Amino acid sequence: MTAAQAKSAGKIDSVLVELYARSKAGSYGISAEQFSQILARIAGKYAPEASGEQLRAFYSSLRVEELALARGCAAGHEGAWEIFLTRFREKLYDAAHGIVRDDAMARELADGLYADLYGTRTGESGARVSKLESYTGRGSLEGWLRTVLAQEYVNRYRSGKRNVSLEAQEEAGHQLPSPQREDPPPPDARLAPAIDQALAALSAEDRFILASYYLDGRKLAQIAKMLGVHESTISRKVEKIAASVRKTIIEGLVYRGMSRRQAEEALEVDVRDVSMDIRSRLAQETQGRPFFKKESP
Amino acid sequence: MAELPKSVLQRLKQPRSQEHPDANLLAAFCEQSLTGREREGVLAHLATCADCREAVALAQGDMQQQPAVLMLPWYRRPQTFTWSAVAATLVVGAALVVNYRDRAVPESTRQLPARRVTPAVSAQQSADAAGAAREQLPKSNAKNEQLASRGEVQTEHRAKKTPDLAAKPQPGPEAKDLDAKRAGRLYADKIQTKGGALKDDGAGARRDEEAKLRTMSPAVAASAPQAPAASNMAVLAKEQPSAASTQTEQAQAAAPAAQKAVGGMVSAEVASSAQAVLKAQKSKVEAASRWTVSADGQLQRSSDSGRTWQTVTPLQGATFRAVAVIGSEVWAGGAAADLFHSSDGGQTWARQLLSGSTAAIVSLRFTDPQHGTAQCDDGATWVTTDGGQHWTKR
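From first to last, the protein sequence lines stand for chains V and H. Numbering follows my numbering, in which position 178 of the first sequence is assigned residue number 178; successive positions increment by one, without gaps. Numbering follows my numbering, in which position 309 of the second sequence is assigned residue number 309; successive positions increment by one, without gaps.
Simulated from the structure, these hints should not be mistaken for lab results. From a predicted model like this one, the values you see are computed outputs, not experimental measurements. Wrong hints could be hidden among the right ones.
Derived lysine-lysine pairs resembling DSS-like cross-links, with alpha carbons at most 30 Å apart [claimed, not checked]:
#, chain 1, residue 1, chain 2, residue 2
1, V, Lys91, H, Lys13
2, V, Lys45, H, Lys393
3, V, Lys45, V, Lys11
4, V, Lys45, V, Lys91
5, H, Lys13, V, Lys219
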């Protein structure tokens, strides 16, 4: 090991010592070595190529107090569970209620997650498997719990919707997809690559905004909240992105041999067709892959 | 809102990424605590996965997003509000006293608010204040000597309203308000004399002296006797530890004069020498304190004109690329729109936000403590007109 490497390793060790002290992992029965291993695994997952300063920065960005609490709970530490229940029990039920809006379903959702968090299932070695093992401290524990709840709800809804009565779906306000019909062939073979080119030129955020607004039908305020910006920013962006996509498609079609008028007509036809077909398309097909697999006992 | 052709929507739905981000990444995304590259990756998936978009929307719900950094900007801290209320109460009460205070004690020992850098009085007004102070000399001198012996220096020096003063142009509302605040600070930040050298016992003097020196008008400086300027040097020394010894020696050497002059004795020779000393000290302090960003992204400060450097860490692990300094106001920006501000030369830091931006800040420029621009590596330019409390994308 070179001197620089040794120096870097020493700095990381000091960061680990500091984080261990800050996390109070010792009070949950987690030794310093175990804690270091936990952090190393997390770093290996999210920042496998980080070293030195980057690794220190990554470690410092983790929510180590909550990480230690979660891992203490996963290990079955009574004290950790007391703290966890005190801090998060009500929040979990509130979050479930915010997702489902039905008391019974919310309680069922929250109780189901609690069972997973406690670890009612055992692994191959016979040890209890707690979902809290998968919490890595990248975000807050509360945020992680809400996200897990939301994923569980989406999984359940997606897998269970075939078994829900039509009346129940209508009462819940769900749009029933119209019978699928054959996609009409594009008016011109040049349109698809031009569209692909225009969409590929967009940033991930712009595509997300378009999908959220046009496919999911989300409100500007909802999208703004998801991105952490003001609603007016999203409003401007939607207009700007839609105009940019249109312009890029037309330029692509012109490049591919259409006249500008032909290109605009091709898009105009598509726009008129939108209102007739858009709702049926809003039931976006999914891959059918759940967010996570539940291990069978 | 503009419609999109259905063929575009159809292509938009094409899924690309098969693997869902785990709940940790999605939660961190909701809390705006992912790195730039990670955020791009999550957004790329979300753009093509309705389930994950739904999960994110449900998870956010009414959740109050937890900040990635627990440190709030100074104006959002509850302590700021509490202390602001206390200070405001003191200011109102002290405002009545301010107008009747003796101006004899020189300007140099007054304390200015860190952010408001405004000349206190005009040249004419300061001369009038000095004259009025001379008239009040016996009483105020005795009073100040009494205070000095107790270890307190009266920093409230506005002269009583005399007929002469009343006939002269009065300080503007802003200057009066400033003086009232100075009076308020008197009770919040005590300055103790010890062996002739003034030792700053409160954050206010340390934080404010630099700004005060910068804005002091020549006339005001001229009305200040040498001793308080010397004591001022000792106060400034606290902010720059490595230079403290030299400055403290100067303060101590001037101590006897400080004791005598605190009552407000002003002579032309003393005033001019005080002015020269103040100017020299100001340039010395400003020259002594330097800031830079190292090649590996560390924020560094030098208190000895660049001979030695100390790393300053507003946030553990943050990587910086730009720094801007105006007196004791320091702004440092870096990766992932990290932006920090200190109003006390780097002693304490508060985070500032470029709302919605995750680009790295590559350039910071401030023309004064209120007006600045920040350049990001995505080409965006952000401007502020309030010292960085709010940033607007240009």
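Quick rundown of the hints versus the structure:
no.: 1; hint: V:Lys91 x H:Lys13; result: 34 Å, violated
no.: 2; hint: V:Lys45 x H:Lys393; result: 35 Å, violated
no.: 3; hint: V:Lys45 x V:Lys11; result: 21 Å, holds
no.: 4; hint: V:Lys45 x V:Lys91; result: 28 Å, holds
no.: 5; hint: H:Lys13 x V:Lys219; result: 19 Å, holds
Going down the numbered hints, you'll see the structure goes against 1 and 2, while the others check out.
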